[in-house]
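Start from chain C and add chain L according to the hints.
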Amino acid sequence: GAGVSQSPRYKVAKRGQDVALRCDPISGHVSLFWYQQALGQGPEFLTYFQNEAQLDKSGLPSDRFFAERPEGSVSTLKIQRTQQEDSAVYLCASSLHRSGTGVYNEQFFGPGTRLTVL
Amino acid sequence: GENVEQHPSTLSVQEGDSAVIKCTYSDSASNYFPWYKQELGKRPQLIIDIRSNVGEKKDQRIAVTLNKTAKHFSLHITETQPEDSAVYFCAASSPRRSNDYKLSFGAGTTVTVRA
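First to last, the protein sequences are chains C and L.
Taking my numbering, the leading residue of the first sequence gets 1, the next gets one more, and so forth.
Taking my numbering, the leading residue of the second sequence gets 1, the next gets one more, and so forth.
Isolated chain L, as found in the complex:
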């Protein structure tokens, strides 16, 4: 099955600086890569996703890049703010059957933005 690795496990940045989180995946058939933000005690919420036919996607201060050849993808947060502090999870989906879109998650990155 799919194996997703995520680095770093913790990340502390000064407010206004950028944060980068990197993930690798093992299954070359994976073709959907969402990123979720989870605040303490809350549900995971999708912040951005990318599909394998796209190399980069941006949404305001958040961007995701995908390198299919190297099987890795990254999340970039620019101009970080205190409300960006949370745990971020990358995930990959590699449907072997046409109707199965289960997600394989990384272990998470705890981001702390210092004021």
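One chain only, chain C, in its complex shape:
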């Protein structure tokens, strides 16, 4: 079946512009994660959804970052008033995990959106 998809794959924004990054998780996956990957670094956690509920947003670097998953499937990460330090690859991952099972499920990653802020 189809894997996790993200769009756009590349985004160039002028400093101060708002951007919206989309993630389509694998159908039926309950959990959805956003990570930020700076050049030459490992992914860093931004936020986590279980269905439509945003259960953890502790990794969002500022209030300029906002994520939503209104119907429990597609998710959008929005960055307002972009800054140069926002330049990175934004990765989305989904997993089948259901609450209360205590069982870990593999996180499947999308190809990422490379954001460049000029």
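Don't read these hints as lab results, they were simulated from the structure.
Nothing here was measured: the structure is a model prediction, and the numbers come from that model.
Treat the hints with care, since some could be wrong.
Pair ranges (Cβ atoms, derived) [to be verified]:
no.: 1; chain 1: C; residue 1: GLU106; chain 2: L; residue 2: ARG114; range: 36 to 46 Å
no.: 2; chain 1: L; residue 1: GLN14; chain 2: C; residue 2: GLU71; range: 43 to 53 Å
no.: 3; chain 1: L; residue 1: GLU83; chain 2: C; residue 2: LYS14; range: 17 to 27 Å
no.: 4; chain 1: L; residue 1: LEU46; chain 2: C; residue 2: GLU85; range: 44 to 54 Å
DSSO-like mimics (lysine-lysine), calculated; alpha carbons at most 27 Å apart, straight line [said to hold, decoys possible]:
no.: 5; chain 1: L; residue 1: LYS22; chain 2: L; residue 2: LYS58
no.: 6; chain 1: L; residue 1: LYS37; chain 2: C; residue 2: LYS11
no.: 7; chain 1: L; residue 1: LYS68; chain 2: L; residue 2: LYS58
no.: 8; chain 1: C; residue 1: LYS11; chain 2: C; residue 2: LYS57
no.: 9; chain 1: C; residue 1: LYS14; chain 2: L; residue 2: LYS42
no.: 10; chain 1: L; residue 1: LYS22; chain 2: L; residue 2: LYS71
no.: 11; chain 1: L; residue 1: LYS42; chain 2: L; residue 2: LYS68
no.: 12; chain 1: L; residue 1: LYS42; chain 2: C; residue 2: LYS78
no.: 13; chain 1: C; residue 1: LYS57; chain 2: L; residue 2: LYS42
no.: 14; chain 1: L; residue 1: LYS58; chain 2: L; residue 2: LYS71
no.: 15; chain 1: L; residue 1: LYS37; chain 2: L; residue 2: LYS22
no.: 16; chain 1: C; residue 1: LYS78; chain 2: C; residue 2: LYS57
no.: 17; chain 1: L; residue 1: LYS37; chain 2: L; residue 2: LYS58
no.: 18; chain 1: L; residue 1: LYS22; chain 2: L; residue 2: LYS57
no.: 19; chain 1: L; residue 1: LYS68; chain 2: L; residue 2: LYS22
no.: 20; chain 1: L; residue 1: LYS37; chain 2: C; residue 2: LYS57
no.: 21; chain 1: C; residue 1: LYS11; chain 2: L; residue 2: LYS42
Positions of the beta carbon are idealized from the N, C-alpha and C atoms, including for glycine.
Frame of chain C; chain L shown alone:
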């Protein structure tokens, strides 16, 4: 929060030799440790994972070991091949709440297999 350190940052091996990557973690509550392989410009892909109730796991040429007391885990690749060249990331998950399985990643190891 969880802090994962990974060594070495780069590793060059002769084809057919073994490669070992080591990671340490800080949170004793961590109980899930996946390893991801990321080729240039591609998405991270899970290659193997281990849970804290297991000390070692093997899958063909890949093995992972876990030492909970010392809080470190390692990836071993035997009989390396050119297609093993990639960046490898270790990660740890320490859910504080029952539904949060976010991963904390190491900085990555760039493995180059010389033909």
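How the hints compare with the structure:
Taken as a hint, the range 36 to 46 Å is violated for the pair GLU106(C) and ARG114(L), whose Cβ atoms sit roughly 31 Å apart. Distance hint for GLN14(L) and GLU71(C): a CB-CB separation of about 52 Å, consistent with the stated range 43 to 53 Å. At about 40 Å, the beta-carbon gap between GLU83(L) and LYS14(C) misses the expected band of 17 to 27 Å. Between LEU46(L) and GLU85(C) the CB atoms are about 29 Å apart, so this pair departs from the stated range of 44 to 54 Å.
A threshold of 27 Å between alpha carbons decides the hint, and for LYS22(L) with LYS58(L) the separation of about 16 Å falls inside it, so the pair holds. For a cut-off of 27 Å, the pair hint linking LYS37(L) to LYS11(C) stands: about 24 Å separates their Cα positions. Taking the CA atoms of LYS68(L) and LYS58(L), the gap is about 18 Å. The hint holds against a cut of 27 Å. Using a Cα cut-off of 27 Å, the hinted pair LYS11(C) and LYS57(C) holds, with the two alpha carbons roughly 23 Å apart.
At most 27 Å may separate the alpha-carbon atoms for a hinted pair to count; LYS14(C) and LYS42(L) meet this at roughly 25 Å. Distance check on the hinted pair: LYS22(L) and LYS71(L) sit about 11 Å apart at the alpha-carbon level, within 27 Å; holds. Taking the CA atoms of LYS42(L) and LYS68(L), the gap is near 31 Å; set against the 27 Å cutoff, the hint is violated. Among the hinted pairs, LYS42(L) with LYS78(C) is consistent with the structure: their alpha-carbon atoms are about 23 Å apart, no more than 27 Å.
Simply put, LYS57(C) and LYS42(L) have alpha-carbon atoms about 26 Å apart, close enough for the 27 Å limit, and the pair holds. Annotation: proposed proximity of LYS58(L) to LYS71(L) holds, straight-line Cα distance about 19 Å (limit 27 Å). Under the criterion of a C-alpha separation no larger than 27 Å, the hint pairing LYS37(L) with LYS22(L) is consistent with the structure, at around 15 Å. For the hint pairing LYS78(C) with LYS57(C), the CA-to-CA distance comes to about 13 Å; that is within 27 Å, so the pair holds.
Our distance criterion of 27 Å between C-alpha atoms is met by LYS37(L) and LYS58(L), whose separation comes to about 16 Å. Taken as a hint, the LYS22(L) and LYS57(L) pair is honoured in the structure, with Cα atoms around 15 Å apart against an allowance of 27 Å. The suggested pairing of LYS68(L) with LYS22(L) holds, with an alpha-carbon distance near 14 Å, which does not exceed 27 Å. Of the supplied pair hints, the one linking LYS37(L) and LYS57(C) holds, its CA atoms being roughly 26 Å apart against a limit of 27 Å.
Taking the CA atoms of LYS11(C) and LYS42(L), the gap is near 16 Å; set against the 27 Å cutoff, the hint holds.
Against the hints set out earlier in the document, violations occur for numbers 1, 3, 4, 11.
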